[in-house]
Amino acid sequence: MPRFLFWNLNKKPIQHLISAIAHANDVDMLVLAECEISVGALLAELNSKTPDFQFAPGQCERIRVFTRFHSGFLAPMFESDRYSMRRLRLPLRKEVLVVMVHLPSKLHFTEGSQRTECSLLARAVLEQEATVGHKRTIVIGDFNSNPFEHGFVATDGLHAVMSKRVAERRTRRVQGRDFELFYNPMWGHFGDVGGRPAGTHFYEKSEHVNYFWHVFDQVLLRPGLLDGFSDDVQILTKAGNTSLLDQHGRPDHENASDHLPIMFGLDF
Amino acid sequence: MSSAPDASALNIDLWPRAKFESDAITPLSILRKQAALLGEKTQQLVTAEVSSDASSNRVTHYFKLVVSVLDNYKYQLFYVSHKIDQLYPVTGFADGNFHPSLDDQTAFVDWLRAVLSSESTLKKIDSLMAQAKS
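Chain order of the listed sequences is A and B.
The opening residue of the first sequence carries number 1 in our numbering; numbering runs sequentially from there.
The opening residue of the second sequence carries number 1 in our numbering; numbering runs sequentially from there.
For reference, chain A alone in the conformation it holds in the complex (with noise of 0.2 Å):
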């Protein structure tokens, strides 16, 4: 079962640390956001012991894909400077759409801006799978914004639902029009029950509404693609024997990045 990784790296030289999770846990396509490694430093990490990963080069300069696969395999189709779509078609297995985004931040965008990004990042979806012909989609990436928000939730946004059963609907319909549904894993993910960490992203503000830790990180997938998914969204905290978090349990900023891996896996 090929496995996927996102990490956004805040512009952090940690090759050896990706590479050490790469390798732990059999990473098949590793993308990366924020990532400032060249990708020779970071080629040469990977591949140090066994020459194992490819780089698969695309246009949007904030997203960084590096595959174990042929590259050749990873064909983009439409880009932009925030996200990259690409038609992945491994031998011996149904064409999946991957699409990995980096959405503009709180800081710089108010949620209302978000929520139009998120909607229009839909709208690019579903024009792109027309024009594969199918919706075995998948979304990954580092939105911004949780999956409670409005972009994720909206019938006009992303339309990502926490329940697999209310997904395999595949549509909604809203006032005589049928939306399309992604279901979104992440969800399950708030909170530290059982000692986990309670988000993949943790900033602190001065101010009455703080959630403290955020759920960014996210994979979301078409409900045709439901029956290959694991349902095991991993939030890593380790890099082979290198905490990835802090004394206090948040997201080691100074060592690694202020955001934690998630890894999945996905038969299709």
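Derived by calculation from the structure, the hints in this document are not laboratory data.
The reader is advised that the hints may include incorrect statements.
What the hints assert, rightly or not - Capping the alpha-carbon separation at 30 Å, the derived lysine-lysine pairs in DSS-like fashion look like this:
#: 1; chain 1: B; residue 1: LYS124; chain 2: A; residue 2: LYS11
#: 2; chain 1: B; residue 1: LYS133; chain 2: B; residue 2: LYS123
#: 3; chain 1: A; residue 1: LYS205; chain 2: A; residue 2: LYS94
#: 4; chain 1: B; residue 1: LYS124; chain 2: B; residue 2: LYS19
#: 5; chain 1: A; residue 1: LYS106; chain 2: A; residue 2: LYS12
#: 6; chain 1: B; residue 1: LYS123; chain 2: A; residue 2: LYS106
#: 7; chain 1: B; residue 1: LYS33; chain 2: B; residue 2: LYS64
#: 8; chain 1: A; residue 1: LYS49; chain 2: A; residue 2: LYS11
#: 9; chain 1: A; residue 1: LYS106; chain 2: A; residue 2: LYS49
#: 10; chain 1: A; residue 1: LYS106; chain 2: B; residue 2: LYS133
#: 11; chain 1: B; residue 1: LYS41; chain 2: A; residue 2: LYS135
#: 12; chain 1: B; residue 1: LYS64; chain 2: A; residue 2: LYS106
#: 13; chain 1: B; residue 1: LYS123; chain 2: A; residue 2: LYS12
#: 14; chain 1: B; residue 1: LYS124; chain 2: A; residue 2: LYS135
#: 15; chain 1: A; residue 1: LYS106; chain 2: B; residue 2: LYS124
#: 16; chain 1: A; residue 1: LYS11; chain 2: B; residue 2: LYS64
#: 17; chain 1: B; residue 1: LYS19; chain 2: B; residue 2: LYS123
#: 18; chain 1: B; residue 1: LYS41; chain 2: B; residue 2: LYS64
#: 19; chain 1: B; residue 1: LYS123; chain 2: B; residue 2: LYS33
#: 20; chain 1: A; residue 1: LYS11; chain 2: A; residue 2: LYS205
#: 21; chain 1: B; residue 1: LYS133; chain 2: B; residue 2: LYS41
#: 22; chain 1: A; residue 1: LYS135; chain 2: A; residue 2: LYS94
#: 23; chain 1: A; residue 1: LYS205; chain 2: A; residue 2: LYS12
#: 24; chain 1: B; residue 1: LYS123; chain 2: A; residue 2: LYS11
#: 25; chain 1: B; residue 1: LYS19; chain 2: A; residue 2: LYS94
#: 26; chain 1: B; residue 1: LYS33; chain 2: A; residue 2: LYS12
#: 27; chain 1: A; residue 1: LYS49; chain 2: A; residue 2: LYS164
#: 28; chain 1: B; residue 1: LYS124; chain 2: B; residue 2: LYS64
#: 29; chain 1: B; residue 1: LYS33; chain 2: B; residue 2: LYS19
To be verified - Footprint (simulated), chain B over chain A, 3 or more residues, beta carbon under 8 Å:
#: 30; stretch: 78-87
#: 31; stretch: 117-126
Unchecked claim - Listed next, the stretches of chain B that the computed footprint assigns to chain A, with coverage defined by at least 3 CB atoms under 8 Å from CB atoms of chain A:
#: 32; stretch: 49-62
#: 33; stretch: 68-76
#: 34; stretch: 122-133
Backbone N, C-alpha and C define an ideal beta-carbon position, used for all residues, glycine too.
Given the structure of chain A, go ahead and fit chain B onto it with the hints provided.
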């Protein structure tokens, strides 16, 4: 007491003008012109297209680079939006930045010139040209 219906009301034109005509140059027509010009400069290896959609009270125009020999690969260079019933102000989004208020045609054209001639845009086009030729 209501007055009796007057059938002559069906035979009069209440509109203030005989014809509605507009010679306004819209943001969309400016974008389409620039899109058409790109193909001429790249031997049609990299072309551009403009698509639009409308939602709530705004219309959005997307400016995309297209490389037909790369399986019709598209790169969205920027997008702009304005109210459906008002051509200006235009809001422009390019390269991670947005310009919230391009108040008139002059401001819009100046912004567009800056986006099209930016280092980032030229780098994208050069890169796509190289791939299209290989």
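Here is how each hint holds up against the structure:
Using a Cα cut-off of 30 Å, the hinted pair LYS124 of chain B and LYS11 of chain A holds, with the two alpha carbons roughly 22 Å apart. Restraint check for LYS133 of chain B and LYS123 of chain B: satisfied, since their Cα atoms lie roughly 15 Å apart, inside the 30 Å limit. For a cut-off of 30 Å, the pair hint linking LYS205 of chain A to LYS94 of chain A is broken: about 45 Å separates their Cα positions. Between the alpha carbons of LYS124 of chain B and LYS19 of chain B the distance comes to roughly 45 Å, so the proposed pair goes past 30 Å and is violated.
For the hint linking LYS106 of chain A to LYS12 of chain A, the alpha-carbon distance of about 20 Å falls within 30 Å, and the restraint holds. Of the pairs offered as hints, the one joining LYS123 of chain B and LYS106 of chain A holds, with about 28 Å between alpha carbons and a cut-off of 30 Å not exceeded. Simply put, LYS33 of chain B and LYS64 of chain B have alpha-carbon atoms about 13 Å apart, close enough for the 30 Å limit, and the pair holds. Of the supplied pair hints, the one linking LYS49 of chain A and LYS11 of chain A holds, its CA atoms being roughly 25 Å apart against a limit of 30 Å.
For the proposed pair LYS106 of chain A and LYS49 of chain A, the alpha carbon gap of about 40 Å is over 30 Å, so the pair is violated. Only pairs whose Cα atoms come within 30 Å are accepted, and LYS106 of chain A paired with LYS133 of chain B is rejected, the gap being roughly 40 Å. Annotation: proposed proximity of LYS41 of chain B to LYS135 of chain A is violated, straight-line Cα distance about 36 Å (limit 30 Å). Straight-line distance between C-alpha atoms of LYS64 of chain B and LYS106 of chain A comes to about 26 Å, which keeps the hinted pair within the 30 Å bound.
A C-alpha spacing of about 25 Å is found between LYS123 of chain B and LYS12 of chain A, which places the hinted pair at or below 30 Å, so the restraint holds. Of the supplied pair hints, the one linking LYS124 of chain B and LYS135 of chain A holds, its CA atoms being roughly 29 Å apart against a limit of 30 Å. The straight-line distance between the Cα atoms of LYS106 of chain A and LYS124 of chain B is roughly 27 Å, inside the 30 Å bound, and the hint therefore holds. Our distance criterion of 30 Å between C-alpha atoms is met by LYS11 of chain A and LYS64 of chain B, whose separation comes to about 28 Å.
Taken as a hint, the LYS19 of chain B and LYS123 of chain B pair is broken in the structure, with Cα atoms around 47 Å apart against an allowance of 30 Å. The straight-line distance between the Cα atoms of LYS41 of chain B and LYS64 of chain B is roughly 16 Å, inside the 30 Å bound, and the hint therefore holds. Between LYS123 of chain B and LYS33 of chain B the alpha-carbon distance is near 21 Å, which keeps this suggested pair within the 30 Å criterion. A hinted pair counts as satisfied when its Cα atoms are at most 30 Å apart, and LYS11 of chain A with LYS205 of chain A qualifies at roughly 22 Å.
Distance check on the hinted pair: LYS133 of chain B and LYS41 of chain B sit about 14 Å apart at the alpha-carbon level, within 30 Å; holds. The hinted pair formed by LYS135 of chain A and LYS94 of chain A meets the criterion: a straight-line CA distance of about 11 Å does not exceed 30 Å. With a C-alpha separation of about 23 Å, the suggested pair LYS205 of chain A and LYS12 of chain A falls inside the 30 Å cut-off, and the hint holds. Proximity of LYS123 of chain B to LYS11 of chain A is assessed by CA-CA distance (about 22 Å); at most 30 Å being required, the pair is judged to hold.
Distance restraint check for LYS19 of chain B and LYS94 of chain A: the Cα-Cα separation of roughly 56 Å exceeds the 30 Å cut-off, and the hinted pair is therefore not satisfied. For the suggested pair LYS33 of chain B and LYS12 of chain A, the alpha carbons sit about 42 Å apart, so the restraint of at most 30 Å is broken. Of the supplied pair hints, the one linking LYS49 of chain A and LYS164 of chain A is violated, its CA atoms being roughly 40 Å apart against a limit of 30 Å. Simply put, LYS124 of chain B and LYS64 of chain B have alpha-carbon atoms about 12 Å apart, close enough for the 30 Å limit, and the pair holds.
With a C-alpha separation of about 27 Å, the suggested pair LYS33 of chain B and LYS19 of chain B falls inside the 30 Å cut-off, and the hint holds. Proximity of the stretch 78-87 of chain A to chain B, defined as three or more residues with a beta carbon under 8 Å from a beta carbon of that chain, is established by the 5 residues found. Residue count for the stretch 117-126 of chain A with a Cβ under 8 Å from a Cβ of chain B: 4. That meets the three needed, and the coverage hint holds. Look at the stretch 49-62 of chain B against chain A: 3 of its residues bring a Cβ nearer than 8 Å to a Cβ of that chain, three or more, so the hint holds.
Using a Cβ-Cβ cut-off of 8 Å, 6 residues of the stretch 68-76 of chain B lie near chain A, which meets the minimum of three, so the contact claim holds. Counting residues of the stretch 122-133 of chain B whose beta-carbon sits less than 8 Å from any beta-carbon of chain A gives 3, enough to reach three: the coverage restraint holds.
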